[in-house]
Every structure is written in C-alpha cells, then in structure tokens.
Amino acid sequence: MSIKRPAYSRLVKELRSGRFVLTGELEPEKVTSLDEIIASARAMKPYVTAANVTDNPLAFAYMNSLVPSYIVQKEVGLETVYQMTIRDRNRLALVSDVLAASYLDIKNILAISGDHTVLGDNRGAQSVYDIDSAQFVYLLHKMVDEGRDIAGNEIHGKMELNVGIAANPNADPLEPEVLKIGRKTKLGADFIQTQTVFDIDIIKTFLKEVEKYNCPVLVGIFPLKSFGIADFFDKNIPGVHVPPDLLEMMKKAKDEPNKERKYQLYDEVNMKFFTPFIKEIKKTTKAAGIHVMAVLYERIFEPLLKETM
Amino acid sequence: MIITKQKEEKEISEMLEPFKKIFIVGCGSCATSCQTGGEDQVAAMKEKLGAKVVGTAVVEEPCDLRLDRRDLKANKDVIKGADAVMVMSCGSGVQTVGEYTNKIVLPALDTLFIGETERLGKFKEMCRACGECVLDETGGICPVTRCAKGIMNGPCGGQVKGKCEVGKYENDCAWVLIWKNLKEQGRLDLFTTFRPPRDNSKRTLTTKIEPG
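Chains A and B supply the protein sequences, listed in that same order.
Position 198 of the first sequence, counting from 1, maps to 184 under the working numbering, and the rest follow consecutively.
The number in the working numbering is simply the position in the second sequence, starting from 1, with 6 added.
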C-alpha cells in the first residue's frame, strides 16, 4: 500500500518535476514579534521553494509554529512547511491544528516526533507521545485522502496537504532507520527531509538505501554562522558531529578581531566546506534537493548557490 | 516485581512531625526483595524513630486486603491507638493498609516501577502495565516501557550507536533492541509492520477487575 496523492504544494510539484529543489528553515523563538522571521523569510525567498517553520526545536518552548507558517506565506509569499511534533499534542490537538492549518492554506506538514522534553528548557514537562510520527503520517493520510480522523469521524470539507517526514542518515545502526522510513513512505509520505549531514559518504550510503522507497529526499545541511553555533551543534545534536577540521577552521575565524573580516572568514569557511559537498550530492546522488538550515544566516545563500546551482 | 526506594530521611521526618504515635507496617514481598521494607528495614526504621513507634508488623503482601486482615489482626488495638501507620511498601500496599486500618497512612517508600531484578539492588524497568501487551510482536522487548517516547513504530531520530538520547546515551534504544531480536529470530517483517495508534481508553478504564 503506497499512497500517491496529488501535488498540492509548490514544493511537491517542483520535487515531482525533477528540478533540484532548495528549502530553508525559519525558527521562531521565545518571542512576541515575528519581525525577525519575516525579514529572514524575505532574505531567503529568492533562493528557496519553501521554508520549514520549526516546532519547539530541541524541546524549547517557542512561539507556536502555525502562526509564523501562515504569516510568512501571507506577508512574504514564501510557501512554508509547517513542522508538527507529536511530543506536545495528543491526537485531538493534532487534528485541531491540522484543520486550522488547512484553513490557513498551509500546504506542507512535516510530521516529526520531536526531541524529548528532558532535553529542552522545561525539563519537568510531560511529553505527550499519544501517537508516534508514523501514526501521525497515517492520521494525515486519513484526513487528507479519506476525509476522516483516526477514530473514523468525518471531516467536513476538503483538505489539500502534502506530508513530509524526517530521517536521520547519521543513525547507527542504519538498517532500523531505513526500515522505519520504508514503513512511513508506505503510509503516505510525499517527501523526506534529513537531519544535518556533514559526511558525504554517510549521505551517499543513506540515499542508496532509501532509493527503493521512491520518495524524494532533501538532504539537510547546516551552514555554520559562528563558532559558537558550530560548537553547540557538535555537542548537542544526537549523532551529529561537525568534522574536526571544519570546527578548527571556524575556531580560527572566531579569533579574528575585526568583526566584518570575521564574518567574511566564516563565510569563506562555509563556502570551502559546503561548495564541494553540494556539488558532489548534485552530481553523484539521486537527492531531490537540499534542505538548507541556515537559520539567521541567509547571507550565505547567494554565494553558496552561485557556486553550486 | 514492584521496585521501591526509601524516601530521604528529611522527607520522612517532616512527614512524621505532626504525629506522636506511629505503627510501622512492612512488606514481606516486593519491598523485602528490594531491601526497602522487609524485616530488617522495619527494625532499622523502628530504631531510628525511637519512642514514637508503638508497634511494627511485616505483612506477607500488604497490597492484599486478606493478608492485611490476617497479619495485622494481633495488632488491632495497638494500631487503633496510633496516630498514623507508616507503610514500607509500594503505593498499592500503602492504600490497601489504609483501607483496612482506616488510619492516616504515611508512605515511607517511593514506588518506582515494575521491573526485573538483575542482582541484589540492581533493577531494570520492564513493564508499564499498559493493558495491551505486544511483546509477541516486538522480540520480547517492551517499547511502551523501554522507549523513552513509548513509540510503537520506532526508532526515532534520537538513537546514537543503539543508545537513547534520553539519559545521556546510557540506556539502550528499545527499537534497536527490537530490531536486533526480530532480525535474529528471522521475523523482520514484524519490525516493518505498521502498528496503529493504541487504545488508551483501555488503560484509563482498567482500574478494577471483578470476578467472573
């Protein structure tokens, strides 16, 4: 049972057209204004087909991601991928939010489990996990393709949404991760976005393994805006390590006293690492595109894409 | 077995503060095996609390109303005269003793989980009493208990080298264990099978079982 639903979103249309697609990432934080998100979306708009809006990443309690997903589409005209974790919502809340997203003309939902609350900024919080991310993909299939929720209750009106799933190419062992992706694609995933990868061999192996599922994969990359971010990432993201030489180059750039020059150096380091990385992915793999997680680092899009696209 | 641990001394003394006469009830079953509420621990508690203690008894299984009736019968009057009964058992035992004695009950232990005893003092959580056992499909590993997210279609993205992101990569990822076992058993089809959402109403409604 593999579900093939129409391409409702621009993102899925482009993925199915065979064009090499880029997506970006927006991260609403503990804020009461969306000015920064809107500015960020405007800056990346010329380069990406859609932008993900993160949902309490690393289990930090941030602004609800549906509102910026809607506002960015409305104000900036950039399609969004509304990320939804099952960590913070039971099946009632999921249905409610998906209905609301549909009304707000959201066309993509990324169904993810979300980092556990004990890793976040409210460690005593109760994680929900009423259903898991595969079951959420199943719920979305029921809602979009059959007009019902999991309990079989009818939805009044039509929903036109595409469904994305996340994958971790760094998983070790990889086989259970690959089998899990197979399970989810059968339930109705329209695209896959991966966790950040820094190792070209890891992503090549992964792409080969999931090729059989015939679901477009956007490879996650994380350009490093500063040494601080690189260091945090290296220490805190499960299974992801910034290569030591890249970390070292970032550290050297950090010591540059002139601010302007420092930023320039950071950009140079990123270009040096990611240009051949993206070129290699484009040239030698069947990746459908790149998911560029350059949060608040939009200035890297232009030079990076000039060199690689 | 139900695994318990004794509360901190400070918490116990604060709990006992308002009471002058205490009767202590121990557990001859799980809390004896855990060394948290058996004969030895009851005697040690009696010594620690000194004159406050008006009597002690170890019930074979304080969570069994019939055994409370049988084992506390001889102490009926002493218990009646006490201000409160301190119970050194799991929460189920504390409540059952409360039901039988009709006294204020004080828990001396914290109830942790249903688990396996690896060796004396070393326990591992194994069961969450979810009311929908799937161990036949999951290679004998319980995802409800041993996966930090309790997911039914794992693994999630938080496993690194088979260890779970929750608990600083010290615990095994339940879904990697499930995959290993099913693979060894030649039953990987069970791993790839999609498991639909659980019926949580079963857990909510199973609060009582009546005979027949």
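One should not assume that every hint holds.
What the hints assert, rightly or not - Only pairs whose alpha carbons sit at most 30 angstroms apart, straight line, appear in this in silico DSS-like list of lysine-lysine:
1) A:Lys(-10) x A:Lys268
2) B:Lys11 x B:Lys189
3) A:Lys(-10) x A:Lys272
4) A:Lys268 x B:Lys82
5) B:Lys82 x B:Lys54
6) B:Lys26 x B:Lys79
7) A:Lys237 x A:Lys198
8) B:Lys167 x A:Lys237
9) B:Lys11 x A:Lys128
10) A:Lys172 x B:Lys186
11) B:Lys79 x A:Lys172
12) A:Lys292 x A:Lys(-10)
13) B:Lys128 x B:Lys11
14) A:Lys31 x A:Lys272
15) A:Lys198 x B:Lys79
16) B:Lys27 x A:Lys198
17) B:Lys186 x A:Lys221
18) B:Lys109 x B:Lys169
19) A:Lys190 x B:Lys189
20) B:Lys189 x A:Lys211
21) A:Lys221 x B:Lys174
22) B:Lys167 x A:Lys272
23) A:Lys221 x B:Lys109
24) B:Lys208 x A:Lys237
25) B:Lys167 x B:Lys208
26) A:Lys245 x A:Lys190
27) A:Lys190 x B:Lys167
28) A:Lys198 x B:Lys186
29) B:Lys169 x A:Lys172
30) B:Lys79 x B:Lys128
31) A:Lys(-10) x A:Lys16
32) A:Lys(-1) x A:Lys144
33) A:Lys245 x A:Lys268
34) A:Lys211 x A:Lys272
35) A:Lys237 x A:Lys172
36) B:Lys186 x A:Lys16
Since the hints were derived computationally from the structure, they do not count as laboratory data.
Model, not experiment: these values are computed from the prediction.
Are there hints from earlier that the structure breaks, and if so, what are their numbers?
2, 4, 7, 9, 11, 12, 15, 16, 18, 20, 23, 24, 25, 26, 30, 31, 33, 35 and 36
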